[in-house]
Amino acid sequence: MSKLLSWRGWLVFAALAALPLFPWMSKYYMLLAFDALLFGAVAMSLDLLMGYTGLVSFGHAAFFGLGAYATAVLLERGVLSLWLCLGFAAVVVGVYALTVSYFATSRRGIYFALLTLIFAEVVYTVFRYTQAFGGSDGIQGLPSPELAPGFALDSPARLYYLVVAYLLLAYLACRVIVRSHFGQVLVAIRENEDRARFLGYNVQRYKMAVCLISAVLTGLAGALYPGRSAYATPDLLHWSVSGEFLIMVMIGGLGTLVGPILGGAFFIILQEKVSSYVQWYNIVVGLVLVLIVLFAPRGLLGFRQAMRGRAGREAPG
Amino acid sequence: MSGQATAMLEVEGVSKNFGALAALAGVSLTVRAGEVFSVIGPNGAGKSTLFNVISGLHLPSAGHIIFKGEEITDLGPEVINRRGLAKTFQITNIFPGISVYDNVRVAAQSCVSISGRLTSLWRLPDVEGPVVELLGAFGLAARRDELAQNLSHGEQRYLEICLALATEPALLLLDEPTAGMTPGETKEATALIRGIARSRRLTVLLIEHDMSVVMGISDRIAVLHFGQKIAEGPPAAIRNDPQVIDAYLGGAED
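Chains as they are written, first to last, in the numbering used here: chain A, 6 to 322; chain B, 203 to 456.
A portion of the hints provided could be inaccurate.
[As the list claims (entries may be wrong)] With a cut-off of at most 20 Å between alpha-carbon atoms, the simulated SDA-like pairs for lysine to any residue come out as follows:
id, chain 1, residue 1, chain 2, residue 2
1, A, Lys-8, B, Trp-324
2, A, Lys-8, B, Leu-323
3, A, Lys-8, A, Gln-189
It should be emphasised that the hints constitute simulated quantities derived from the structure, not laboratory data.
Here chain B stands alone, though its shape is the one from the complex (with noise of 0.2 Å):
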């Protein structure tokens, strides 16, 4: 059920078993376009996993993924992201050795119209005034030369979002966004990424540990445990619900 609003992204009993371990069992989820949908859950529940399969990194063992009303279940990465679906990485996933600048550039160009056509071969596409657009929207305009492995950890994690922002994606997947940032950075990230998900009209899916930055920042949240949804709805009624607490709230002092 895609209800009133069009639904931008439908999970359709997505399992995905790894050997005999069930890391997903029939999940099922709506984002509606325009919304900040988190799902969270202890380690281990599938978090990642359902990312990857979204994503197109892993073939669901059963269940259908749609993207803007098209079946995206058996595509590669590449094609997905062509549609208009962009991932961030948990663990930092960018291009080391170039600059910070080059980093983004390269991430700009994919969606440019000479993109895999023989043309590409002699042109170089200008994308400047997005790349620097993004660059500045994250505070890395004045690292813009700098080699990419030589940022800190925190302009790391913001590079990491650039990268996926560059391809003009209409759906943001976020896997834990802030990890291991501070307190005071991981606040700094949360407004930034609601700030940005707001002013370019973006559709965020989001995957989170800290419960803080989840809380203020999504529209709806689902709880996975054991590769199964065992709630959704908005964050009070999460934060309320029974059943959450006990499998995770409650159990989440480490």
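Only chain A is shown next, with the shape it has when bound in the complex (with noise of 0.2 Å):
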């Protein structure tokens, strides 16, 4: 197997780590930081259906959520263990997720986007109005987990820690993926999938096996929220939400992993950088998520790719 992260990658985690340790890294920055990452690792997880796949889902919100709300009943509870409560949101989220991609693979295109979106918004439906989940408040008030026994996650360095230990370990599982005989597989599907099958693979079992591992992963990360923000509200299964990932994907650059990790953060410190000045701040971001599609439709990624294609030879496609 080849070298997993490069030099260049070891150094940013690197950089990431050190993070904490400059003077003007505030709370508040800190805990920018912690969304940033985690959307931006969500972003990646999705990438691995869209970007490699070739498969939209607009139900990702719901994958998110659901870890959330594993987490966030099982601290309701007082089972603190963050190991526990990351098993659990994992174990909620496949057999969702399998529930979901086993319907939504037997159809294409633009029926599976809707399928995934119509499963997502019972989610929501459902826990908006169950009053065990809180209604419309969601889960609110809880204890921070923790790490072990009296070890609790409760200051903003070491959720950061958490969260980049996160995102180096799921760059690290879909970067494997991508470069192995299944990833092979799924840009197959992804540029033909009739020919795909004629040679003999299972397509729908493939789309279904990458639709649980970017649902997983996606949940995973959802039950880190809890940690951060000590609530789960039906806010994080809204539809907007999955938009919101379609969105830091394409900005990113799809089928690229680390592009969508940069169009995540992009857009959550560009969100809030803006709506900390002016109300209106939606205006902003939309203005400029247009222009960078204009200007830049292969994403953050793909235009330095071509800034780089047209340094050298000729830019590529």
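Assembling the complex is the task here: the two chains are given apart, and the hints tell you how they should meet.
Written as structure tokens, this is what we have:
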């Protein structure tokens, strides 16, 4: 197996690990960095579906939100172990993902997208109107999860390191997968799924498997969220969140893994910074996104690659 | 009846209706191991439908398909391919956005042992040898890093065959492999296919329009006309069959 992470990749993660040492990293910035990296990880997980397999999911908020609720339900009952929360979230999200993908992958194109959306809306509605889950208020005022008994993840720095570790592991997992036999078949399915069938590949099974992987990675990220927010609300399950995930992948660059991480971080930071200045921040954010799509249709990373290509020889494509 | 030689593929009384249209009506034929068997017939005779039924894309309305002695009538294309039957397409059907090498690699991967298993999530099998050999045989070695969509039409037709061969089939179904080729290219392609079929001891079932291709390459020929088999035999017999001449050869001016 070839090298998993280039020296530049290790450098980036070393820089991320060193970030809290800077004096200007206040609690506020630490939590902003947490969000940026967490949603970067989610966008990367979605890229496995969108960029590599060519499947557009409009329901990833359900995976994220279910992961968050899984943790919230345990924390609420005094089960503080982060590992139990993660395990429970993985099982809940995994079962849900297999159900959704079984039906969604039996249809193609827009029908796949619509079925993922419909299932996610059902999940949203269930949590929004079930009093056991707090209804529209969600589950509030949660204690911090514990990495080990007595070691609570109760400071921004600890949470930040947690998300850096998660991003590193999730990135390595995705990297291994896209370079594997399985990853090559995903690309073949994206390029021409009919031909992939005639070459002996059970396309639906591959699609279900990649849905499961993407969903569980997204759900694990969701499971980390209540540690930072102390709540899980139905808002996390809303379709507009799924839409934001799609935007993160698009502005980062489809099929690059690193691009969507950047896209997710960029989106979160842009939204947060603009909204702290003006109330009509959505207009500004929207405008920036339109400009990116117009002038860098292959995303931030695609733009960089195109520039590099132009400097060298002819730009590809 | 499978005769003395072992039957590779038996098509028994296969019919296929699309609504009121009978695309195939009770077609039977037997392809013996190691031979090149061709199916000819005018446009709309049901040739491609026959291939689609055999390869698992369509369920037949009636009849059975037996491959290597086992019934495959109800199986899907991915299962049939793994049993050793590969198909090429009349309209080029490749993976356009990835390299020529990656096209053939992903095809070759499908028959390695880890395919479909959990370990395929982190391992990438080494299929460089067979892939390079195939690309070399079809003169695509120099184009290996080119995107498949940038190949010329003739090269794409060869890549089409490479994809099917990479899955290491026992029986290869070729649906008009020389479609859209110039006469020169057609001649070259025919010789190439014949050579590769011999060296790999492949059984070939071929659909072809071009009579010169069929007559030069086939051991036996079946003629389809309006979904029915009207003749079967060696090339010389087919060439002189009055029914065939009437149905097909005589009216093949366009």
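Verification of the supplied hints:
1. For a cut-off of 20 Å, the pair hint linking Lys-8(A) to Trp-324(B) stands: about 13 Å separates their Cα positions.
2. Between Lys-8(A) and Leu-323(B), the direct Cα distance comes to roughly 16 Å. Compliance with the 20 Å bound is thereby established for this hinted pair.
3. At most 20 Å may separate the alpha-carbon atoms for a hinted pair to count; Lys-8(A) and Gln-189(A) meet this at roughly 18 Å.
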